[in-house]
Each structure stands twice: as structure tokens, then as C-alpha cells.
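Asker: Residue-level listing of the chains:
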Amino acid sequence: MDSAVQGKDAVLAALPENRALASLLQWNTDAVLDAQYALKELTVTIARDEIRGACQAVKDADYNFLEDVTCVDWYPSEPRFQVTYHILSHSLKDRVRLISPVESIDPTIDSITPVWPSANYYEREVWDLFGVRFHGHPELRRIMMPEEWDGHPLRKDYPVEGYR
Amino acid sequence: MPTSPDLAKFVETTTLLKARPEEGSKDRTMVLNMGPQHPSTHGVLRLVIEIDGETVLKVVPDIGYLHTGIEKTCEAKFYQQVVPMTDRIDYLCPMTNNLAYVLAIEKLLQLEIPDRAQWIRVMLNELTRLNSHLVWLGTHAMDIGALTVFLYCFREREDILRLFEQVSGQRMMTSYFRVGGLALEPPLDFFDRVRDFVKLMPERIDQYENLLTGNPIFVNRLKGVGHLSAADAIALGVTGPPLRASGVDWDLRRDMPYSSYEKFQFQVPVSNDCDVWARYVVRIQEMRESVKIIEQALDGMPEGRITADAPKVVLPDREKMKTQMESLIYHFKIVTEGFTVPAGQVYQAVESPRGEMGYYAVSDGTAKPYRVHMRNPSFATLQALQTMCEGRLIADVVAVIGSIDIVLGEIDR
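Line by line, the protein sequences give chains A and B. Numbering-wise (the numbering used here), the first sequence opens with residue 1 and increments by one. Numbering-wise (the numbering used here), the second sequence opens with residue 1001 and increments by one.
Chain A with its partners taken away, still in its complex shape (with noise of 0.2 angstroms):
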């Protein structure tokens, strides 16, 4: 059984060697909340203002692939929203899970499509069905729902069969 490897120190001290983790940490320790190591896959959180030079960080590290940005709601509980994005890198054959806090009283976060164009759809899509806002985005439209659709369905206080 794998046990989870918790806190930024630790995890640090379990992946010396992890290029990713090395380079957020050397672009602002500070902006580096939290990290976890479990199951194989390295999760770092990252303060929501920094999350535009975090992923350039770990770009720099040459993790080169967005795979994907999606969110999670953990309402009632703040923060509510968790933005993920998990990252690639083809060269190292590694992948890492960047995670931001987002509050619900202002759901709102960095664009990274400045670092990768590829985050244009996913936050739309992240926009659409959770509403969290992306500040910098080229284009940010609803992409699943129809233009004139009331609430964010993949919200948890959304019912699952819609209001009626």
C-alpha cells in the first residue's frame, strides 16, 4: 500500500529529483501552499493570484503539455471551488496536478491561456458548468449551455435533474 506523502518539506524530501516541484518551489516558495504525494501523482497547491506564473514555472521545467483544467466544488466548505489543471511533460515522461483554492465570495482566477492557448475551451468549459471566472481569458463564453442558461450545472447546490 502506498501511504501519502503530505506538506511541501516532506514531499521535497520524498522527490528530490522531481524538476517540477524544484522549480515552483525556486520561483516564489511563498506562492507554493501546500504539496501531497499519494498514489504516484504529485499535487501542489498554489496560491490562486500566482497560478499564471506557477504554470509558466513548471512550463520552464519543461513539463510542455496541458493536459486538462477542470474544477471541483467542495461546497458547503471554503474554499469552495478547487481549480485543477494537471500538466504533462512528454521529454520527462512525469505528470503534475497543480491545484488552486478559489473562494466562493469572489470565484474568479488567472487565464493561463497566455502560457498554453489550449486552456481556451477548458475554461470555458470550467466557466460554463462551475462559473468561476477567468480574468484575461480571449473569449469567455458559455460552451456546453446555451447562452441564455440560469445557474452552473456541475455545481453541487445545482440540482441533478435541473430546477423544474
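Part of the chain A face toward chain B, derived, beta carbon under 7 angstroms:
#1 Phe65
#2 Glu67
#3 Tyr121
#4 Met144
If you want the footprint, here are the derived chain B segments under chain A, 3+ residues with CB under 8 angstroms:
#5 1102-1111
#6 1365-1373
In case anyone wonders, no lab produced these hints; they're calculated from the structure. None of the values given here were measured: they were computed from a predicted structure. Heads up, the beta-carbon is just placed ideally off N, CA and C, and yes, glycines get one too.
Given chain A, put chain B in place with the hints provided.
Answerer: Just chain B, lined up with the frame of chain A:
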């Protein structure tokens, strides 16, 4: 020529007989709506295309017509009940979706899957790849105007669907994989029938190639069309055959192996041409490699159990359930309450016929997933459409859409 002065004045002022409006004027371009009901958009994809004459200036995909909220529905199901939902997001490759999902949950549960189950999974995944590529080849060639190939491809696809029906009871929505293994031991003559099929397949692929690869009309429609450089492909999130056709040597089966793919020998076809033709070549080669993998799986098929040793997750054998009290209790508990999964989050990606199919599963320790997110290859690849079509003719848009092999079910979910 105009004879009266009035007519001469009319000709001078009317725009009909003049040359086209000057560059940059609003009247020069036209906005064309393509789809959602259009045979060449492979489902319900709507494209808003801005054209200047026949030249495409801008392509804006409009998606969401098939959105059914599958991710939301998953949150209301037990873990095992999510498997049938995963079939339905990409109806051309149900087995790869099943595999990605069950691997993710097995990772959370830290289950050890017996070799036999893993090898059968690999074999069925490669059959699925053949199935999906056959549909792609048939419809892509049909879009270009080569109607014959479609019939040949669907002949072989029918064989694969029959195999699926034999093993799982369903032709398309198989739901054959279970968290912890497989639903049932394959029927007795199943492996023989698969062997008969793969023996035939290389010759059949030659047949398709005879019809298409040397066909000058087909080649002219494909070569040099839809150029996508490696840097653009990576920046736009393109995966799978389109990425390899842009010269990036990346295949999850080889580079981040799952379900014992590391035990199989196969080549990853790569092309540096970056166009629609390269995508065609790469997929055809992939079909040949899939045949090799299936043969290896048949030759080395291990004996043993097909389910993990996890009584709280895997349903017991029917026979045991009827004779042993403990098995009966487990059976009842799993069916009525599901099984709990330790809290945590995982991301599991597999190489589907269209590219990287990833499942992000978050568990809060209950019997239902807190969140299931699907990372879909076509969804990301669609973003590259603008880059590939810009400056080309409208007819090329059809070729490009065919070459990225989109399935709208997985884009919209």
C-alpha cells in the same frame, strides 16, 4: 455594351457588374453556417465559417448540442454504475473509456488486477482501436468522395461488433470491464474467433490501401491540406494520431504504460508531414500495429482469475453466492450499497483511438464519486481547427474534420 445614357449610368453605379469590394470592406466576406445537421461534420457539430470567396478566413466551432451532463450524472451513481455512462461519451471506443475509468478507480482502491484480466483488456482495447479507425477510414474516405471504402470498412467493423457481442452481450455499449477485473470469463471459442479475425485483417487493410493510397484524387485532396506544426499541436492540446502526424513521438501506451502494455512489442508510427495525408498514414499504420498487439495477446494469454481478490469490491461467483453465506452477504452489500473508495484524487489517462482519454476522479470516501471529469481528446483537438483551416478552401474543411476524427458525444458529454 449599353446603348442609352441611362443604362450607362446604371452600369456605372451598380455593384453587380463591378469588381469585388475592396480589401477590408465589410461586404467582401460572407459568414457561412455549416451544421449542426451536416453529413460531413460527423454528428452535431456546428461551424460558423467566415469566407472570402472560397477561402476560409475564420472557423468558429459551436458545440454543446449533445451535452447531457454525464459528469453531473456520475456524481449520483455508485462507482460501478458509472461504467455504462463512460460507454456513451465515446460510442466508437467503449472499451478504452471503460478501461480509463476502471483503472482510475482501481488506482484509488489500490487493487491488484490479475494478468489474465489485464491481457484481455489490452486485446479488447486494440480491437476497439481497429473498430474506431475503421469507422474513421470509411467516413473520412466518404467525405472525400470515395464511397466504396465505407462498405469494406463496415464489413470488418461488423465482425468486431460480433466479437464484442459474444464477449459482453452488447455490440456497442459493451460495459464489459468491472472495477477489479472483468464481468465474465470470455466464452469458450472467443479467442479462436478473434484469431480468425486478426488473421484476415492485414490482408483487408491492404485492400483499403489499394483503394486509397495510390488513388490520385484521394492523394491530391489530402496532401498538404490542414497543416499543423508540432509546436502548434502541443500548444493547442492536440493528442493521438494528429499529434504523431505532426512529428511528436508520443504514445501513452509506450511512454506511460498501463494495464501491462509494457509487455507488448509494437511500433509507434510517426510522420513529419503534418497534414491530413500524414494523419491518414499514421492511422493506417496504427491499425497494422493493433493487429500485432492482438496476436501477441492471444499467443501469450495467461491463465488464472479474471477478477482481483477483493471481496468487498468484486461481486462473488454465482456458484459461491448460492452456497456460501459470506459471499451472499457481500453480494447483497455491493449491489445495494456499492463499495466505498478511500478519499483522494487520481488522474488516469489512456491512449484512445483519438488521443489521450483521461479520467480525473475525486473521492470523498463514500460509495459515490464526488467528481468524475473526463479529459477528451476531440474536445482539445477541435481547438486546432482554426489553425488547420485558415487560408484553405471550404472543401478542405471537410477533409480536416475527417482527419481529426471527432466524436461529438465525447466533446459535449
